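A.B. asks: If you want the building blocks of each chain, they are given just below.
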Amino acid sequence: MKLGLVVDLDTCVGCHGCATACKQWNTSGTIGPLSDENPYGKDPNGAWLNRIRTYEVDDTPNSKTVNMPMSCMHCDNAACVTVCPTGASYKREEDGIVLVDQDKCMGCNLCSWACPYGARELDPQEGTMKKCTLCVDRIYDEKLPEDERKPACVMTCPTKSRVFGDFDDPNSEVSQLVRDRAGKQLMPELGYEPVNTYLPPRNKPVVEMYETTSLKDTVKGWVNKVIAR
Amino acid sequence: MHPAFSVLVFTVMSGAGYGLITLMILGHLFGLPQLQDSTVLLTGGGLAFALISGGLLSSTLHLANPKNAWRSFSRFKTSWLSREAVFAVLFYPFLLGYLANIWANGTEVTGIAQLAGFGAAALAMVTLFCTSMIYASLKTIRQWNSSLTPVNYIALGLMSGSLLLAAVQSAVTGDLSSTLHTIAMGLVVLGAVVKVIYLFWIGKPAGSTINTATGFTQASVRLLDQGHTSNGFLNNEFGYTVEANKLVRLRVLMVAIAFVLPFLLLLTSSAGLLVLAAILTIIGLLVERWLFFAEARHVVRLFHGDQRV
Ligand code: SF4
Ligand code: SF4
Ligand code: SF4
Chain A
1 MKLGLVVDLD
11 TCVGCHGCAT
21 ACKQWNTSGT
31 IGPLSDENPY
41 GKDPNGAWLN
51 RIRTYEVDDT
61 PNSKTVNMPM
71 SCMHCDNAAC
81 VTVCPTGASY
91 KREEDGIVLV
101 DQDKCMGCNL
111 CSWACPYGAR
121 ELDPQEGTMK
131 KCTLCVDRIY
141 DEKLPEDERK
151 PACVMTCPTK
161 SRVFGDFDDP
171 NSEVSQLVRD
181 RAGKQLMPEL
191 GYEPVNTYLP
201 PRNKPVVEMY
211 ETTSLKDTVK
221 GWVNKVIAR
Chain B
1001 MHPAFSVLVF
1011 TVMSGAGYGL
1021 ITLMILGHLF
1031 GLPQLQDSTV
1041 LLTGGGLAFA
1051 LISGGLLSST
1061 LHLANPKNAW
1071 RSFSRFKTSW
1081 LSREAVFAVL
1091 FYPFLLGYLA
1101 NIWANGTEVT
1111 GIAQLAGFGA
1121 AALAMVTLFC
1131 TSMIYASLKT
1141 IRQWNSSLTP
1151 VNYIALGLMS
1161 GSLLLAAVQS
1171 AVTGDLSSTL
1181 HTIAMGLVVL
1191 GAVVKVIYLF
1201 WIGKPAGSTI
1211 NTATGFTQAS
1221 VRLLDQGHTS
1231 NGFLNNEFGY
1241 TVEANKLVRL
1251 RVLMVAIAFV
1261 LPFLLLLTSS
1271 AGLLVLAAIL
1281 TIIGLLVERW
1291 LFFAEARHVV
1301 RLFHGDQRV
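In the order they appear, the protein sequences are chains A and B. All residue numbers for the first sequence refer to our numbering, where the first residue is 1 and numbers rise by one. All residue numbers for the second sequence refer to our numbering, where the first residue is 1001 and numbers rise by one.
This is chain B alone, in the form it adopts within the complex (with noise of 0.2 Å):
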């Protein structure tokens, strides 16, 4: 599948920034003492607002014709594209209901609190299931047609939010929280082991061959021709292909910048240093969603005369 930056933009971004909300919200209602400050709820929220506001907005980039975005509301029933766009809006009531609570009254867990932070977290946490879901659920591409890609997807969200939300505390605050230390290096792991069972879950050969696409089942098959001079639409969307060695190499960088290197960075238990670990994570998740897209095989190719995808 053809990466567009625009959707990597957005699943990171938006990704991380539900991530954060979501654990900032529960840590503070759930009384961890670090969080029962409101700079630095302030600061997660803002930063958790700007960067899934920034994400969704990017996502609106990829669209051919914008003007009718309004109607993705529409079809809630069957689609999940549609579910997240009213999963998304729906999250903002409470998200600006939660901060402005904190903002008037300050960090007591009073109801309006609870309503207002459970309500954003939960939506925050089912609008990231749904984009993940959009993917997940086209039988259509093998890579993604899995329980993993939410997985995925969730993990890996609650991973960057955790490390943000670790970052924005110490430099509010200027000291380290060791509880948030510790839920991000958890965090940092497992997102690492579902990442890894991921990568080892595609490799194995399945699905559909050029054969049951073509019909002829007991006899090889191959392209002759496309019927076509130049690269059309198809080409162009789900032709993407990428040299092997290429693919491997950026896993691993992938694997150091997102997983390692954070982890490492993390173990030195330094203020200065999270952020930056903050940063290497976001970076080496856009490498991640990079290979989602450029290591997904559309059945598509087998037309085009890929033998399996």
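Next up, chain A with everything else stripped away, as it sits in the complex (with noise of 0.2 Å):
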């Protein structure tokens, strides 16, 4: 098995549902909590597993606005993983899952510049490696009903954009997405062979402008039509 997420990059509305269900479900998970440092002062800073950046992309009249949410990319050549002295972080045979073993990090931060994707934050009163569990412990959870058997982010998203599956299935709706929609991986050039892929924005038609007119050029075409008559 090799478990993921597909972000659909063309629903995404930004609205930060799956970064806020994600530091809800996480801070009391497996590798909680998830602390805040000043959370009501001037100066905020925690750790979250999921940030949600939006970009422009192209210029007027074909711009589009990207809503770009990140969290760990569970990648199959994870050099964070290599780098980490510890043991601390490993990647788990069985479904590709990255983890960080809470207590055995010692806070060197070496795992956090390795990743490219900016997947991983120090916990500022932990003093340890935090980032995205894929939810391992809502996706295995036999407690829970079936269909509510996936990550936080995936069942909060309002708008879908979020898909969990196994990429190693072709039949699952992850890879049908991928295939059907040309997904696409973040920074493939460095070769960490990440696992969650994008689906690209559909291509809609341009926006129609309207061009003002002066009152000047108004009145003088309508001057031009009448003694043409």
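Treat the hints loosely; a few may be bogus.
[Unchecked claim] Pairs of lysine-lysine residues, derived as DSSO-like cross-links and limited to a Cα-Cα distance of at most 27 Å, are as follows: (1) A:91 - B:1204; (2) A:91 - B:1067; (3) B:1067 - A:184; (4) B:1077 - A:2; (5) A:104 - B:1077; (6) A:2 - A:23; (7) A:91 - B:1246; (8) B:1067 - A:2; (9) A:104 - B:1204.
What the hints contain is simulated information worked out from the structure, not anything from laboratory work. Small disclaimer: the values here were computed from a predicted structure and weren't measured.
Dock chain to chain to rebuild the complex, using the hints, since each chain is given by itself in its own frame.
C.D. replies: The structure is reproduced here in structure tokens:
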């Protein structure tokens, strides 16, 4: 199995719901707490496992606003794991999930330097490295109803822009989406082979532009029309 | 990259210590006449011990959870940081054995002196190499991901070590060894050449861009919003930015203090000024290490709006 997420950049509205749900679930999950420093003060700072950034792609009139949620890509070739000196970071054989053992981490930051996607953040209170767990404590929990055995971010997304599944299974929803919508990996040139895949925005007709004309031009055009008649 | 002061101190001090001990032991074992003096060897060895141990202790200061530091020996197979830790510890019995032998039996080159000495010298260089590979192995930082990084670390470690060795020898015996003096001059020139090549090399644009990072390779991409109202871990760790002209000024300062001034002081061939030259080099290398971090740009910056790294 190769578990991961597909993120649809066409439909994501950038509501930050996934990030909030992620923080809520994981702060009391296996790697919790996800602490904050100065949460209600002037300069709040805390560990988040999911961040949403917004870009403008291309120039008017073709420009488009793209919201890009990013959490750990659970890379096939995860240098964050090999650089870790303590063995706290590891990638699971059975499903490819990359995790940090909070009891072993010494907070050296090296894995966060090795990650190209900014997926790892040091917990300001605990001094250990935090990252997306792919909600390993939800997806296998047999006490949850079957359709809730999904990551918190996937469950909460109001536009269904996040899809969870097995990339090794060619018939899974994620594999189909990647095929149908030409899914892309981010920064493939670094060779990390990220599992999470992004569906590019669909091409839509360019918005029509309304050209304003001055009063003088309007009157002139009108006069010309009258004279020509 | 944010330059953590403890890491700057660690890499400069332990680099100088490893350089010093390697040159001193090799000089002694290969029969350099001025180094067949147990006071010189014990002083040099003590200084190297202090620099290396101080550096290693300083390196633990940047750990956010040091109580797990002992676990860092466990991933020797894949992690350069783990290898560095293992070799740094292995080095000590050889160094202490070598120094104890000199203290007890004097400077005669016996089998035990050779075993402990060559072992300590080799492990010193291997540890320094592992330190440099921690940085050089990161594909995410173009300015570090190069064979120039280990070349820099080793050349600059040997250079500062050679100045310290010449300074210790002349301070203890009161007269200058022309061989050590020449070696130091040669290594200062070598260090300067290596550093200047590095500075030219990182100036060339290459690598990932905001387009490959976001996957939109056929159009311009601009950041509209980072998605948070105040700086987080990623901003603090990777967002470190220094004005371009301040960087240029610091580069000039670094080349002057670390290389040019010590070289000029060496030209005077005065024993007292040698100590000053060694101290200046160490200060200059602290600036050099600060620049090594401040000029390194991690690819996460692309997601935060940089067009290229
Ligand atoms: S996204 Fe970063 S933290 Fe996650 S597996 Fe890849 S390199 Fe590691
Ligand atoms: S911060 Fe923790 S998980 Fe990351 S490399 Fe260091 S010890 Fe490993
Ligand atoms: S899978 Fe879970 S841990 Fe990962 S981003 Fe989603 S909610 Fe957060």
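A.B. asks: Straight-line Cα separation of residue 104 (chain A) and residue 1077 (chain B) no greater than 27 Å?
C.D. replies: holds, 17 Å
A.B. asks: Hey, residue 1077 (chain B) versus residue 2 (chain A), does the alpha-carbon distance stay inside 27 Å?
C.D. replies: Distance of about 25 Å is within 27 Å: holds.
A.B. asks: Between the alpha carbons of residue 2 (chain A) and residue 23 (chain A), is the straight-line distance 27 Å or under?
C.D. replies: Holds, at about 24 Å.
A.B. asks: Is the Cα-Cα distance between residue 104 (chain A) and residue 1204 (chain B) 27 Å or less?
C.D. replies: violated, 40 Å
A.B. asks: Under the criterion that the straight-line Cα-Cα distance not exceed 27 Å, is the pair residue 91 (chain A), residue 1246 (chain B) satisfied?
C.D. replies: Violated. Residue 91 (chain A) to residue 1246 (chain B) sits at ~42 Å, over the 27 Å cutoff.
A.B. asks: Checking one constraint from the list: CA of residue 91 (chain A) to CA of residue 1204 (chain B), max 27 Å. Satisfied?
C.D. replies: violated, 35 Å
A.B. asks: Residue 1067 (chain B) and residue 184 (chain A): Cα distance at most 27 Å?
C.D. replies: Given pair residue 1067 (chain B), residue 184 (chain A) is violated - Cα atoms ~41 Å apart, limit 27 Å.
A.B. asks: Given the hinted pair residue 1067 (chain B) and residue 2 (chain A), is their alpha-carbon gap at most 27 Å?
C.D. replies: violated, 34 Å
A.B. asks: Next pair to validate is residue 91 (chain A) with residue 1067 (chain B); report whether the Cα-Cα distance is within 27 Å.
C.D. replies: holds, 23 Å
Of the numbered hints given earlier, the model fails hints 1, 3, 7, 8, 9; all others are met.
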